[in-house]
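So the chains spell out like this:
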Amino acid sequence: MRLRLALLAALLAAAATAQAARAAEPSPALNQVIKDAQKEGRLDLSWLPSFFGADGVAELVKGMNATFGTNLAYSFTPDPGSVPRNLNKILVAAQAHQPSPSDVFIGTTNHVLIMEKRQAAIPVDWTALLPGRITDKMVEASNLAVRIYTTLPGGIIYNTKLAPERPQTLADLLKPEWKGKIATNPYAASFDNLASDDFWGPDKTLDFAQKFSKQIGGLIGCPDVERVASGEFIAFAMACSGREWVKLKREGAPLDMAVPKDYAAQRYYYLMIPKNASHPNAGKLFVAYALTSAGQKIIWNHDDYDLHTFPDSGMAQVMAGYEKEGVKFKELSVTWLEKQKDLRTLQERIIKILRGS
Amino acid sequence: MVSATESTFRRLGGRRPYDAWPGVFVSIASATSVIILALLAVVIWLSLHKGAVGDSHEPFSLANYTEVFLDPFTYKVIANTFGFSFVALIVALAFGLPIAWLVERTDFPGKSAIFTLMAVGLLVPGFAAAMGWLFLMHPRIGLVNVWLMSVFGLGAPPFNISSIAGMGWVQGLNLAPLAFIMTAAVFRAMDPALEESAQMSGAGFCRTLTRVTLPIAWPGILAASIYIFTLGFAAFDVPAIIGWGSRLFTFATYLVIQLSPDESLPRYGSAAALSTCLVGFAGLFSWWYGRMQSRAHRYKVVTGKAYRPVLVKLGRRGKLAAWTLVGGYIFVAQIMPVLVLFWASVLPFFQLPSAAALHSISLGHYLNLQWHYLLTGLGNTVLLMVLTPTFALAVALCFSWVVLRSRVPGRAWFDFVAFLPHAVPNIVFGIGALLLALFFLQNFLPIYGTIWLMLLVFVVSRTSYATRMTNSGLIQIHRELEESGSLSGAGTGGILRMIILPLLRPTITYAWLWIALLTARELTLAVMITTRDSITLPVIVWGLWLSGGTGDAAAVASMMLVLMAPFVALYWAVARKRTVIAAP
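Here the protein sequences line up with chains Y and A, keeping their order. Residue 1352 in the numbering used here sits at position 313 of the first sequence, with consecutive numbering throughout. Residue 717 in the numbering used here sits at position 485 of the second sequence, with consecutive numbering throughout.
Please note: incorrect hints may appear among the correct ones.
[Unchecked claim] Covered stretches of chain Y, going by a simulated chain A footprint (3 or more residues, C-beta under 8 Å):
| no. | segment |
| --- | --- |
| 1 | 1163-1176 |
| 2 | 1183-1195 |
| 3 | 1220-1230 |
| 4 | 1289-1300 |
| 5 | 1313-1322 |
Honestly, the hints are just simulated from the structure, not real lab data. In this text the structure is predicted, and so the values were computed from the model without any measurement. Note that the Cβ used here is the ideal one computed from N, Cα and C, for glycine as well.
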């Protein structure tokens, strides 16, 4: 009996090892990309330094080279400004038949749609690169874009020492005790999605924006939540990505974020390969590595984001925490956005309301 | 047409060899004008184009203009900007002008130190000063307000930095070194004989100052005023931190919202349409400046007759008052922001001084600096700091010579064109440069993606400032000196080398340093055209700050100060040795 059990255990262990070996073995598609990337020899990346940070990018490239056996040289140019300006540079370079400033583009749903509409990205069979890891659900816009991490836009970041209470809903911010002490961003980020019929609809959102505008003390950029920590404002709403405050909290800042029960959304950042990328295969390899377990861990360690659908995801735990509070997240994907109408026009109206004109 | 000097020379039987210099000057000024006009043409093209940049199928229309100018908010923004720029100008002149006079026209001691401090102050990023003032004078959390309210039992905060006047105050303090440097050269070149004559005629100190000194320095003061006033339109960091924080928009912060929507492509068209109104204002200022220049002979104070700068002796009280002014300015405008910068760089997140804050001090931001990027950025910044002022001043000298010394038809237009880059916000100018480089220059001059494109655009954009400086310097040099040189057989090159350049040396010294410092802190243009090979330090600082890393940004900015301050000090030490600046 013991011998049989030992034999069974040995067989199971051998099967598991073989499966692990198969899993570690690159897929044929990935093998081809590795070969082509190696021929390209380098990788040029440029985006906002808030994505992974320069050291995060360095770690990702180092991990990529180690995992796939490549020795690609790389450069990372932090491009301050905004994602749209970064995107615009890629589009203008493509129109002038010049190489893209970056071999990989990072952006959110709206930016993916712009790239798709302008045929500025190349389709990639992403699922074939990491079968089982990259699933069909992660790939959008006809294989142009693949999800890299999940964000929680629309949250209320508040100073835990100065705020009168932990806000539960956006409507809580209309109470008199918050008046003049709240900041919002100058771009009316998240208000566009709030105005969708899947959430509040245009009328309720515009009405809220009017009332909210009277409560606002000022405008600050999305990552500038340090000004909430310092007490200049006691809250910032609505957050653009929902994790901007975590690093500061770790360092002792009195910050927390509440996901309003009347607007809980999950959104994604995507990676794409511009059609005028100088090193498209190196770009694909970078994306593939960023989606491995090790790549996701690097991104989590640097940015406090990862893709919540992966089994070892940190974001999944974060979302589960909010869900315990009774929050129900709605997914805002590229497909969802394609079905929406006039959100940009509404957003422009809301920008005017919030700026006080 | 033959000049009086030329006819005298011919009468004396002189035969002049072929002089190529005038042709070179006109060619350089013309080529630069073509680049400036091409960049402006791109801006106008953008303003008539509704779609995204490069969408050639979009029809031309005035839609951007109607959108911008039918929006009442635009006028509110323009009114805010005028108010902000006006306050900034007054504050900058209130400090810069007397300090320049003290340093150049009196026996005030410690001049090299003052020059160094004024110049180094320019390297302090505006966001540090804005944050410092916010935490001092914010109506709710400002230390001074809180203290005054608790001590005197006030019901409302006595100061409000979150206002147009408050923003203007902070910006004015930041721009005072510009007023200082632009007017110091003028005071340096002044012949004190006129002041002495006034005093001999019984005029007191104040009367001499208002009736003689200031009118003589008027071209330099006016040039500085126009320049500082228009800088208010482009100023971004102070209005972004203080203004946005209280929903007060100025031209630059409004433009950024137009240009950088969160989700859609930048609206360069409406931003360009907005910029055209700036070109209009610039045209107006340029016309005014041109009128003043047409009466330039009134301000010619450097002549061939007994030019001898003599310093005014300050008494004990005078020195005390001077020290109060200079010390007060240096403390509030230079030391305080630097302290805020260092304070921010050692904290994990920005907080007011407290026991908890002191407990959290660390060198983490410095230890985590990405030295590879910093060194690349530093190398590029230093290269641009050296080359930009050198080329910009060479080009400016050509412009000034064409405008003030030649008889080229339509020469007044050259001056108008030279001022235009200052009128167009750098961010729009930057997209113009990007498009020009990508779609046009790349075919025969492939400099896109290199540091040379940045150099070209920096030189062109600094032409307006450089020409203001060389114009006001050249205005003060009487033609009789050049005529003497000419009579002695010198060509234009000889006159330039032996007469003009030595006399312009103070002006060129100040202008060179100022342009170098402006280049060191130039951001908006750099951001538009930066690439892997051309990244600069301000782009790195800005990128870190925008990403929410105030501490990281402050650490890099602090390193930038530490690295560059010795060079600025060395520069002034050399300048003093060569008696370019007044001896103490």
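Hints and how they fare:
no., hint, in the structure
1, 1163-1176, "violated (count 0)"
2, 1183-1195, "violated (count 0)"
3, 1220-1230, "holds (count 7)"
4, 1289-1300, "holds (count 3)"
5, 1313-1322, "violated (count 0)"
Hint compliance for this structure: hints 1, 2, 5 are broken, all remaining hints hold.
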